[in-house]
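Participant: The chain contents come next:
Protein chains: 2
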Amino acid sequence: MPETVAVIGAGLVGCLAAVALAKRGYEVTLFDYRLDPRLATTQDRNLRSINLAISARGITSLEYVDKEISKRVLKDIIPMQGRMIHDLKGRQEAQKYGLFGECINSIDRGVLNNSLLDEVDNLENITLKFGHKLSQIKFTSAAKQTCVFTTDEVSTTEEYAFDFVLGCDGAYSSTRAQMQRELRMNFSQEYIDCCYIELYVPPAKEHNPEFNGKFAISPNHLHIWPRGNYMLIALANGDGSFTSTFFGPWSLVESLDTRSKIQDFLITNFPDAVEIIGLKQAVDAFESHPRGALMCVECSPYHLSQGRAIILGDAAHSMVPFYGQGMNCGFEDVRVLMQLLDKHSGNRAAAFEEYSYKRHIDLVSIIKLAKTNYKEMSHGVTSSLYLLRKKLDTLLGRALKDKWLPLYTMVSFRADIPYHKAIQIEQRQKRILAYLQAAIIAMTSLGGLGFYKLLRRALNNRR
Amino acid sequence: MPETVAVIGAGLVGCLAAVALAKRGYEVTLFDYRLDPRLATTQDRNLRSINLAISARGITSLEYVDKEISKRVLKDIIPMQGRMIHDLKGRQEAQKYGLFGECINSIDRGVLNNSLLDEVDNLENITLKFGHKLSQIKFTSAAKQTCVFTTDEVSTTEEYAFDFVLGCDGAYSSTRAQMQRELRMNFSQEYIDCCYIELYVPPAKEHNPEFNGKFAISPNHLHIWPRGNYMLIALANGDGSFTSTFFGPWSLVESLDTRSKIQDFLITNFPDAVEIIGLKQAVDAFESHPRGALMCVECSPYHLSQGRAIILGDAAHSMVPFYGQGMNCGFEDVRVLMQLLDKHSGNRAAAFEEYSYKRHIDLVSIIKLAKTNYKEMSHGVTSSLYLLRKKLDTLLGRALKDKWLPLYTMVSFRADIPYHKAIQIEQRQKRILAYLQAAIIAMTSLGGLGFYKLLRRALNNRR
Chain E
1 MPETVAVIGA GLVGCLAAVA LAKRGYEVTL FDYRLDPRLA TTQDRNLRSI
51 NLAISARGIT SLEYVDKEIS KRVLKDIIPM QGRMIHDLKG RQEAQKYGLF
101 GECINSIDRG VLNNSLLDEV DNLENITLKF GHKLSQIKFT SAAKQTCVFT
151 TDEVSTTEEY AFDFVLGCDG AYSSTRAQMQ RELRMNFSQE YIDCCYIELY
201 VPPAKEHNPE FNGKFAISPN HLHIWPRGNY MLIALANGDG SFTSTFFGPW
251 SLVESLDTRS KIQDFLITNF PDAVEIIGLK QAVDAFESHP RGALMCVECS
301 PYHLSQGRAI ILGDAAHSMV PFYGQGMNCG FEDVRVLMQL LDKHSGNRAA
351 AFEEYSYKRH IDLVSIIKLA KTNYKEMSHG VTSSLYLLRK KLDTLLGRAL
401 KDKWLPLYTM VSFRADIPYH KAIQIEQRQK RILAYLQAAI IAMTSLGGLG
451 FYKLLRRALN NRR
Chain L
1 MPETVAVIGA GLVGCLAAVA LAKRGYEVTL FDYRLDPRLA TTQDRNLRSI
51 NLAISARGIT SLEYVDKEIS KRVLKDIIPM QGRMIHDLKG RQEAQKYGLF
101 GECINSIDRG VLNNSLLDEV DNLENITLKF GHKLSQIKFT SAAKQTCVFT
151 TDEVSTTEEY AFDFVLGCDG AYSSTRAQMQ RELRMNFSQE YIDCCYIELY
201 VPPAKEHNPE FNGKFAISPN HLHIWPRGNY MLIALANGDG SFTSTFFGPW
251 SLVESLDTRS KIQDFLITNF PDAVEIIGLK QAVDAFESHP RGALMCVECS
301 PYHLSQGRAI ILGDAAHSMV PFYGQGMNCG FEDVRVLMQL LDKHSGNRAA
351 AFEEYSYKRH IDLVSIIKLA KTNYKEMSHG VTSSLYLLRK KLDTLLGRAL
401 KDKWLPLYTM VSFRADIPYH KAIQIEQRQK RILAYLQAAI IAMTSLGGLG
451 FYKLLRRALN NRR
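Chains as they are written, first to last, in full-length UniProt numbering: chain E, 1 to 463; chain L, 1 to 463.
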């Protein structure tokens, strides 16, 4: 008899975990409290999505689970080679992400989720149950974990027993809450003072020969309108549109309490964006779309003893979206857990234990990186000292290859380097960079401005 | 019509808050999920209590609410003038808490809770409802908050509407969980690696003329058997017994998994304690009493907008028991909130807002102090440098009075100094002490040991 598992949450991480477990021979039941999103109409959209950027860790994990599935679900991704910074006058400046042209990839969350659900449907040993809201888990000391669900029929409950439970039910995880009743779990949730609002950039009205005809701005960049403590971003969709998101402090958003204030604010700060969104549409969206909160969640450990339960994805480590790593990290969770199950020949108790013990430092690291990256994104690149250091970082990265790795490269393009290792390497390089920078400044003052100009030209030529 | 309030939790803080609000004219309903503890038999005891030490902040707050009530509920307290340190050979050494004989006071949690419930019964505008477990609060935007309870009858629910809700339902607060659904509350819970087990020291078998006849050891000290990363403590009860508590790392406790291991451990580490507890009783208790976990809870803010709800006591700030401040701080919450209601002439929205804003820094401060005090308690006073500094601290405190205040004095005996202020003052004094200490050591090495001996004698004479 195969072991049975309840995967709670049919979002991105839940679907991938279900597939990975099914392919290992487990009998999987995948539950979600929502109805099947593939049956939803446009009106059902929650208007709160932030487009995803899938990069090395996400892709590697998908391929690890199944190369063919990876190909199918990623067929519509749009590569983004860098940021496109929009200033107040509408001028655009591109900044590359990778040293050698590596890209991150824009994909709509809903589209990716639906493709993964299709893959779930293709597998015989996964049963998919929508409209099932987890209300309780009765953990027993070893054999069976009984999950209680409320279903759409008001006050109907259903109970199922499984060998173990895998919670992929997001930042407000019910699985986690049930586990907290069983074990001493350290836990924190922290809201950052930032509200987000989804906006929508329609496809170009007229044929735009510059960008495949249909896009109003480059689809191959992550567009940013950095304005200090607030910003607008936009990521391309396959149909020529962009999903755009405004981020700003709650007090700012709440102060824009009339249509005319919103209109003035948008025109003053994002004139070129307003032009492609449409003024009325932009104001409508800003006024009426739901306002999202951003929360970081940390906890530890992630599992219950005896291999009875474990949480992955946002349920274990919700992070702010500013490093584009939330989903990538969640997919990596799946890969790491599967590798540990292999290492321990399917001994769940040992695999879960090692997962909690080893994965924590990486999760804490990326949560922190994501939080600090808000400043870099929203303030743009301004100080000339910062620019000099950044250019040196790139120059050394290109010249020394694997011996010098910029942080962004390690996080986004090197799935083989764990997050915490990336931070360690970055710390060391930072010290060297500071030293080099000081040396350059000293030489510049000794040798006059000539040397500095020469160096700047050299650096610029390498871009 | 008076405003109506649901106080959730009839523990120490809930009872005091109910009394304070009732005396201000609010119509109070006080709910608790337990049955009336005054009807409980000895068998019902949960065997997990740690005796309380009530000090200035707790007493001042009780008196602030009602001087007569304070007198009545505190009539059986036993003053403790200091710690009594027990070494491995059973030798005892007293350390004073106050500079001028100030005491903290031992009281049994159950006894205090029952006296407060009696006071609640005396007030006409408090309705007391036991056996009511909060399951949901439907917060509406302004007027009425509907509280849903499950009662002892299985699957019966009762609903009541109130103007506002005051949550005093402890570290695992349901009120807090309900509020978290309504607002962006930062929250953390952290378990420390420490398990506690309640033991019991019976009254002296024979008449003990030294300690009022009935106590086996001094009732006027908080007894500590410090043993590095674990310890035993004991606080006196009115009947001649002591409530004793063992604290130690989980791995240590779990390693003592046979009666003979427990027996060896207790005899080796706490020979004199085992003698007064009784060997069999000590081993029985250690083996069979429930093992408690210690958790810190921090959150912010503490209230819902429009004066709809607020949390006090452990629900808002659970701390480890090592500074004896948990209940004192909870009582102080009540006083601070009442003073703010007065200041804002009963405008709850304004009072709650100011409470969240101002109280946070004090709560975070005492949570941190309590955590760091574990080390001081369990390691005892060992290093001679530490002892020198401690003596200087005391000496300066006695000589300079209000101009020099040891931290313990500020926290335990000065309700007029907020916790965060106490830490600030301590930081400044610490720098001065370090400087003085360095100077003394320098003078000692210059002037030979003669000076040091003279100084030590001077310091000792002042004790």
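Just so you know, the hints here were simulated from the structure itself, not pulled from any lab data. Take the hints with a grain of salt, since some may be wrong.
Since the list gives no way to pick out one identical chain from another, each pair is judged satisfied if it fits inside one copy or across any two copies.
Claimed, not checked - In the DSBU-like style, the derived pairs of lysine-lysine whose C-alpha atoms are separated by at most 35 Å in a straight line are:
hint	residue 1	residue 2
1	Lys280	Lys375
2	Lys133	Lys89
3	Lys368	Lys430
4	Lys358	Lys375
5	Lys261	Lys144
6	Lys23	Lys89
7	Lys96	Lys368
8	Lys375	Lys133
9	Lys67	Lys205
10	Lys133	Lys96
11	Lys205	Lys368
Participant: Hint numbers the structure violates, sorted upward?
Facilitator: 2, 6, 8, 9, 10, 11
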